[in-house]
Each structure stands twice: as C-alpha cells, then as structure tokens.
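Engineer: One letter stands for each residue in the lines below.
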Amino acid sequence: MTKHEGHRHGSTDDTQHLSALEHAHGPLPQLMIGDIILVRHKKSLIRNFLRKITNSYWDHAALVIFSRNPEKGYSSNIIAEAIQHRAIDAWRRGVEVHKMDRYLNEPDLYDVGVKRCMDIDDEIRDHVRAFTLMNVDAPYYRLPLADLALASVSRVIRKFVLKRQRFTCSGLIQKAYWNAAPWERRHGFAFRDFGDSPIELQELVSPGDIAKSDVCAWIWNRH
Amino acid sequence: MRNLQVADIILTRTKNANWLLRGIRNVSRSHWNHSALVFQVVHQEDADPEVLIVEALDHGIEIHRLHNYLDSKEFDIGIKRIPNLTESERERILAYFLENIDTPYDFTRLFGYVLNRAALKIAGVRIRDMVAQRIINIDNFVCSTFTQRAFYLGVSPDKRDRVMFKEGADTNFLYQLEFISPGDIAKSTNTDWLYNPHE
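Listed in order, the protein sequences are those of chains A and B.
For the first sequence, our numbering begins at 1 and goes up steadily by one.
For the second sequence, our numbering begins at 1001 and goes up steadily by one.
Quick caveat, the hints were computed from the structure, so don't treat them as lab data.
Please note that a few of the clues may not be correct.
A few chain A residues that face chain B, going by a derived Cβ cut-off under 7 Å, partial list only [said to hold, decoys possible]:
1) 66
2) 72
3) 74
4) 78
5) 97
6) 99
7) 133
8) 135
9) 136
10) 139
11) 199
12) 203
Here the structure is a predicted model, which means the values were calculated and not measured.
Yeah, the Cβ is synthetic: ideal placement off N, Cα and C, and Gly gets one too.
If we strip away everything but chain A, and leave its shape as in the complex, we get:
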C-alpha cells in the first residue's frame, strides 16, 4: 500500500453508508490522489450538446486530490474540478474544490465513472495534486451554448468547434499530468492522439478523450 492509498475496508459499516450511485454500480474502490472522475450530467442541455459533439457518454472530468481516510478524520474523497456554473461571465467561477459526494448522492442528476493512471508513483501523484491546487480559482474558459448547439447538428461546424473549444475540466487534468510527469515520460500521459502540439493537446482534450484513452484504466463504472 502506498502512502496515497487510504484504508477503506469492506466492513458492514461501509456498506451501510454507500452513496446512491454506489448502490447502483457497487461500492467505490479506495481512490487515490490523481484518480480521474468522469461525470455525466443527466439534466443539462449544454452538457447534452457537449456529449454529442465529443461522441462520449461523459461530459465533465475532475481529479481526486485527497482520498477519503476515515482514520484521519475525513470520510469523503475530495476533488478539484474546473466548473462553469452559468453561461453568464460574472457567475463563471473556474477551478474549485469539492467533495465527490456531491455527484455520488444525486443519481437523478449525475452518473460517475472513475479511471486511474497506472504505473505512477507517489511523487507524480504529489505533483498532480500540487499543480491542481496551484490552479484553484483559475477562471473557466468560455463554453458558448450557440456553438455547441450548432456543432451538435452539423458535422462541418463540429469539426470547427472541436478544433478550438477548450474543455477546461479535462484540460486541467491533462495539464496536471503533463506537468507532473518527468520530461521523458510526458508523452505517455497524453489523453488524446499525439497529432497536436503539446500546447494544443493540453487545451483541447475532452472528457470523452480521457474516457477513451488507454493512458488510464477504468476502475469503476466503465462507459
């Protein structure tokens, strides 16, 4: 067990405290720092467009930055995520830290899957967390509803939008791994085909790219 693995045991007590989504998909395994949370928003028009143009079941991504450790006194996994709350600039917030429970306890609103980058050591995990924490409050890139709506009905527009749309939630994750990995291993952490320049790669990667990538493996609720 590494220092970033917690202490979740399959006790009766644990099964009594399963979240709503865990009742549906089975108990969540013990998560580790750097695990990737994929989220599907079930009641959001803009997310619906996003899933359509990225051809994925998922529309949002987040990173585990503290894994639950009841022995130390915290019973929830803590995630960092780049969020756009509203379409209006003044309400756009950026990178935030929350409990993962906010997704797990609302099965009518969300579905959640978890992936893990294998073969990474504690040092990389520490760097992933440090990079993510340093970006708390970084603003969210604009996600124009009109562009996404048009892209969902037109292949030509989709190609154009995908070329320049920044999926900041997944971009944060790509940047965290890209910066955390040793120089010679960085390309091993690219979540989409390496046809793009490193800068483009870090900006353009989508939740769907992460879901489909072999860089990380599914550990819960594969889609």
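Since the structure of chain A is already known, use the hints to place chain B on it.
Structural biologist: Same frame as chain A, but now just chain B:
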C-alpha cells in the same frame, strides 16, 4: 507569506464594505470583518509558494487562493497564529477542513446575531440563549465559528482552553464556540500576530 503554515488565521477587512460587513465590524468593535484559515502551502521550485485558504462564504466552506485577497486593493489582511500547534494537531485540523468542505453557510445564525443585537438595543434584553438554542444550526458555520471549531476539535482535549478565542468569566461554553466574531479572534490572547496587527 513564505513561512505560513496550515491553520494560520487570516483576518480580512473589506474596504468598500456593505452594511452587513460594516455591522460585523461595529458590533465586534474591530478592524476586521472576515476570517479564514490556511489550508495548504504549495511550494514551488522557482517561485513563492501558493497559499490556499479555507473559508466560510455564502456558498459554504470553500477553498480559495490567498492571492485573491492579496492582489486586490479591496482588502486589508492580517495574519495570526495559535502558537505551539504540533504537526499531528495541524493534520487533524486539515482533516477537519476536508471533512467540512461544501458544508452550507449558516445564514440563520447571522439573522440570530442581528436579532440578538436588536433586542439588546431596543428592549435592553439579551436573547443569546434563545438564539443559541432555537436559531443557530451548530452543523453549519459562519467564518469565525468554523475557525473556532477547527481548533477546538483539532487539538488534544487538555489544550482546548488554549485555543478558545473568547475568554472571560461571563462566557459560557456555548457562547465560546458559537458567538465568535473576527474581532474576537483579533483580540484573542491565545493567538500571536504574524502580520499587520489591528484589533
């Protein structure tokens, strides 16, 4: 900022404050209207560390950068520290922060404070007991009660009296935990000033 540690106390004053923040300062007779705590100090190889703070804001318990306050001319900030906290106590306080992220802000408590103040001013009666028992929700927080509770639960039981911000013969335990203002933290003799002392 280089030497900040987890659980250091950040006090802030909003310069163009609204009526509520001005009211907090007036009632507590203090320069400060908000408190937060250092959540993490992220060290970087070639730059100053990034300091993250945890604070009770209107959306609940949230994590933000200290630079939001430092970079804005809107705010004045002061920093205090409870001396002699051990590493394990800081770890327990950090665990308390993590356990309470997203806990809602206690707006009813603010209403209770205002009600208590109004009753004292208008009718000359103290209704703190009624407010404490019927209005405030001890599972939710305002900025300074979150700060107090983190220390109270983070240190070993025999040290708890050394982390209480409010002292005095007429102060019962409930008031010590639940009727705390940023001004009480600023005036507390259980804390040391690190930066910009103002009561």
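Engineer: Could you tell me which of the hints above the structure violates, numbers in ascending order?
Structural biologist: Violated hints: 8, 10, 11 and 12; rest satisfied.
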